[in-house]
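Protein sequences appear in the order of chains A and B. Residue numbering for the first sequence follows my numbering, beginning at 1 and increasing consecutively. Residue numbering for the second sequence follows my numbering, beginning at 1 and increasing consecutively.
Note that these hints are calculated values from the structure, not bench results. Do not rely on the hints blindly, as some may be mistaken.
As the list claims (entries may be wrong) - So, partial list: chain A residues that the calculated Cβ filter (under 8 angstroms) puts toward chain B: (1) Leu-77; (2) Ala-97; (3) Phe-103; (4) Asp-105; (5) Leu-109; (6) Pro-121; (7) Gln-123; (8) Leu-190.
Being a predicted model, the structure only gives us computed values, none of them experimental. Using N, Cα and C, we set each Cβ at its ideal position, and we do this for glycine too.
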Amino acid sequence: MSTTATAIRVVPPVANPSAGPDYVVVDRVRKVYNEGTRQQVEAVAPSSFTVKAGEFVALLGPSGCGKSTLLMMIAGLDAPSQGTIGVAGRALTAPRAETGIMFQDPTLLPWKSALDNVLFPFQASKRATGPTDGPTLARATALLDQVGLQGFHDHKPRQLSGGMRQRVAICRALVYEPDLLLMDEPFSALDAITRDEMNLVLMKMWEEHHRTALFVTHSIREAVYLADRVLVMSHRPGRIVEDICIPFARPRGLEIGETVEFNEICGHLRSKIQHTPH
Amino acid sequence: MTDIGLPLSRHPGHDLAGLGRAAARLIAPPAVAALLLFGGWEALSRSGVLSARLLPAPSKVFDTLVRSLGILMEQAQPTFWGAVAGIVLAAALGIALGAAVSYSRTLMQAVYPTIVFFQLIPKVALAPVFLLWFGTGFAANVIFSVFIAFFPVVVATITGLRAAPPNYERLCRSLMMSRLQMFLTVKFPFALPHIFSGLRIGVTFAVIGVVLGEFITAQTGLGYIILFSANNFETALLLAAILLLCGVGIVLFGFFLALEAVVTRIYDSR
């Protein structure tokens with residue numbers, strides 16, 4: 001492959017003028033499971049990177065490379081074995097109320113309607129407002145309408161398709177207006193067509209509710225399509241082996257996937273994933 | 001999780017005639033089988049092949065049931081209420097202990113082996129001990145019933161509280177929910193189908209427990225009637241009491257099936 005051609009187009013991250021100050025700071029974070037035992041596994045090798053305020057960053061890597069582990073640590077759901085994570089200028093020690101999270105499965109409560117699932121975060125007593133609060137309810141309904149679920153507010157998850165369920169999950173992650181959105185391969189269980197659709201929905205939602213976002217995926221095209229910046233993680237133990245900016249202007253249509261530039265960036269990222277020594 | 005092993009056929013059911021035919025298809029095979037069984041039994045008894053003393057004809061059993069209905073119904077009451085008290089207490093204790101054990105890993109490690117150990121003891125072997133401890137009253141039967149019915153409920157609750165996929169726990173933690181809230185809003189509803197299958201086993205065990213208690217305490221109840229009539233070679237009365245015992249079991253089991261249907265309709269975790 002032509003490395004010179006791609007090298008010209010791949011923009012280093014320092015050249016992103018639109019981004020704000022560092023919002024997420026991951027500093028030499030390492031994760032080891034079963035430390036000190038025979039089954040010791042290093043899931044994440046010491047990794048450092050930052051996500052700037054308002055930036056959409058994709059964390060790309062092969063299956064089992066530790067990218068989800070890294071995301072869970074940034075969510076405060078798992079503690080690093082070494083290193084520190086800072087979010088919004090504070091060291092992270094526990095989950096934050098201002099982080100929204102999406103998983104690979106929609107994780108909806110099967111006995112609750114779509115609307116009640118979106119309102120689920122307000123059941124946590126630590127939140128100031130209750131789920132029946134007027135503005136909260138209005139926001140939840142508006143979000144469901146925005147993702148194209150008009151007329152499905154009272155449907156139970158089993159009455160919805162896989163894509164529709166993930167749309168509900170997007171709304172649930174956004175309803176309490178988090179400043180940081182963490183997504184762990186949210187569309188990887190969907191078929192290719194639905195996945196394209198969901199990428200469009202996510203882009204639309206992200207443009208309307210501008211948040212700092214970190215998106216974990218193993219799909220190169222998805223990463224390039226969605227993100228301002230793509231970080232590539234190596235095979236386990238995962239470490240960051242590439243950090244590039246994606247230059248396409250927003251709003252992005254799916255047609256950018258047909259351009260030469262898009263495919264060159266994808267080719268470059270693919271070579272980075274494949275050429276990392278194990 | 002409402003499957004109790006009965007073949008439930010689904011059909012369009014647009015017209016009443018079709019519905020009737022479907023019902024006939026559903027009811028006919030077991031009805032014919034039962035008719036053949038009881039008919040054969042009746043014939044064998046009347047022809048003298050079966051000793052009327054050891055196995056009286058169904059008509060004789062029915063006759064005894066009608067004639068002794070007063071005393072049988074009277075004795076069915078302690079058995080019924082004993083089983084009700086048994087399963088209700090077993091459910092409350094079983095769910096509470098299952099929840100407590102699931103809440104704390106240390107408690108699980110400490111208590112679970114003991115639970116399994118007690119499960120392995122043939123509980124009938126403990127009956128004489130219970131007689132010593134709790135006497136021969138109604139309470140002794142209930143305690144024995146609770147003791148037997150309690151294990152399936154605990155085990156089902158522990159299994160059920162692990163049923164929610166791990167991401168639900170992550171979701172709740174990321175939403176900063178307390179463990180109690182997570183239990184009430186996610187874990188317990190997800191555990192309900194398991195808990196109900198435990199209760200279904202528990203309810204049959206509760207009846208067994210009461211009857212065993214009545215065998216040993218030998219004071220009241222259908223268990224006592226069975227013991228008494230066996231000793232006096234009143235086989236017809238014995239079978240009539242067993243028939244009524246079946247009725248007690250069916251009523252209790254039916255109640256829990258109905259409760260399960262209502263609850264799983266609300267908390268449908270499919």
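**Item:** Hints violated by the structure (listed by number, smallest first)
**Value:** Violated hint: only 8; rest satisfied.
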